[in-house]
Amino acid sequence: AQKVTQAQTEISVVEKEDVTLDCVYETRDTTYYLFWYKQPPSGELVFLIRRNSFDEQNEISGRYSWNFQKSTSSFNFTITASQVVDSAVYFCALSEAGDDKIIFGKGTRLHILP
Amino acid sequence: DAGITQSPRYKITETGRQVTLMCHQTWSHSYMFWYRQDLGHGLRLIYYSAAADITDKGEVPDGYVVSRSKTENFPLTLESATRSQTSVYFCASSDFLAGGPDTQYFGPGTRLTVL
Numbered sequence: 309a310q311k312v313t314q315a316q317t318e319i320s321v322v323e324k325e326d327v328t329l330d331c332v333y334e335t336r337d338t339t340y341y342l343f344w345y346k347q348p349p350s351g352e353l354v355f356l357i358r359r360n361s362f363d364e365q366n367e368i369s370g371r372y373s374w375n376f377q378k379s380t381s382s383f384n385f386t387i388t389a390s391q392v393v394d395s396a397v398y399f400c401a402l403s404e405a406g407d408d409k410i411i412f413g414k415g416t417r418l419h420i421l422p
Numbered sequence: 160d161a162g163i164t165q166s167p168r169y170k171i172t173e174t175g176r177q178v179t180l181m182c183h184q185t186w187s188h189s190y191m192f193w194y195r196q197d198l199g200h201g202l203r204l205i206y207y208s209a210a211a212d213i214t215d216k217g218e219v220p221d222g223y224v225v226s227r228s229k230t231e232n233f234p235l236t237l238e239s240a241t242r243s244q245t246s247v248y249f250c251a252s253s254d255f256l257a258g259g260p261d262t263q264y265f266g267p268g269t270r271l272t273v274l
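Just so you know, the sequences run in chain order U and P.
Heads up, this note's numbering is the position in the first sequence plus 308, with the first residue counted as 1.
Heads up, this note's numbering is the position in the second sequence plus 159, with the first residue counted as 1.
Next up, chain U with everything else stripped away, as it sits in the complex (with noise of 0.2 Å):
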């Protein structure tokens, strides 16, 4: 059965400190996918990232960069040089090939204090 943890339930860092958000995952499929979401006070929810599991390539885009390492099914989320418009919460979440849905974990809330 897939499943997603989030171990970090909340998170507090100031302002231009950098942070990681851990997401660790399980499946038995060889092929799936993984997502990355940001919920903001205002409460929508944010598509930040998707990646499949044939590319372990490091994703940078901005401030943001995920490590994917399947070796220990980990999907890691930085923020560089935090800013307090990064507090949200985080979702990471989890696709199998095949399957119609996604497995959201759940939410690690992330303070940016100024």
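FYI, nobody ran anything at the bench for these hints, they're computed from the structure.
Just so you know, even glycine gets a beta-carbon here, dropped at the ideal spot from N, CA and C.
You may find that some hints are simply not true.
Partner residues aside, some chain P positions facing chain U, computed with beta carbon under 10 Å [unchecked claim]: (1) W186; (2) Y190; (3) Q196; (4) H200; (5) G201; (6) R203; (7) V219; (8) G222; (9) P234; (10) L237; (11) L256; (12) D261; (13) T262.
Computed cross-link-like contacts, DMTMM-like style, restricted to lysine to aspartate or glutamate with a CA-CA straight-line distance of at most 20 Å [stated by the list, open to error]: (14) K216(P) x D408(U); (15) K346(U) x E367(U); (16) K346(U) x D221(P); (17) K409(U) x E231(P); (18) K346(U) x E231(P); (19) K409(U) x E218(P); (20) K409(U) x D221(P); (21) K216(P) x D407(U); (22) K170(P) x E352(U).
Take a look, some chain P residues computed to stay more than 12 Å from chain U by CB distance [claimed, not checked]: (23) S166; (24) I171; (25) D221; (26) V273.
Chain P: place on chain U using the hints.
Just chain P now, kept in the frame of chain U:
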């Protein structure tokens, strides 16, 4: 406007009443989904639909009914609302890829309170 919309955005109702939450998308996505979000539980799938007239249960379907007569609409009905159904409800849609659904894009959510 293109995208995915939900209505109403806020709803207060009483126990035992029927409530319908609406979801509309303009992308012609094949898949549509309903989730509820509660503290401590993250996002839990209620129902989903792979195409018009095709629906299936998710993790927490009890007390809910869905239909999908048109590709763009996916209403969620609480036939007899209970206090435990107080939650924030999100609708999402995604396109179809050969291996399954693509990225899900979410509506703004409906905050439902059952008194």
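Each hint, compared with the structure:
no. : hint              : verdict
1   : W186              : 13 Å, violated
2   : Y190              : 7 Å, holds
3   : Q196              : 9 Å, holds
4   : H200              : 7 Å, holds
5   : G201              : 4 Å, holds
6   : R203              : 8 Å, holds
7   : V219              : 13 Å, violated
8   : G222              : 20 Å, violated
9   : P234              : 19 Å, violated
10  : L237              : 20 Å, violated
11  : L256              : 9 Å, holds
12  : D261              : 8 Å, holds
13  : T262              : 5 Å, holds
14  : K216(P) x D408(U) : 11 Å, holds
15  : K346(U) x E367(U) : 17 Å, holds
16  : K346(U) x D221(P) : 28 Å, violated
17  : K409(U) x E231(P) : 19 Å, holds
18  : K346(U) x E231(P) : 25 Å, violated
19  : K409(U) x E218(P) : 10 Å, holds
20  : K409(U) x D221(P) : 18 Å, holds
21  : K216(P) x D407(U) : 13 Å, holds
22  : K170(P) x E352(U) : 17 Å, holds
23  : S166              : 15 Å, holds
24  : I171              : 17 Å, holds
25  : D221              : 17 Å, holds
26  : V273              : 19 Å, holds
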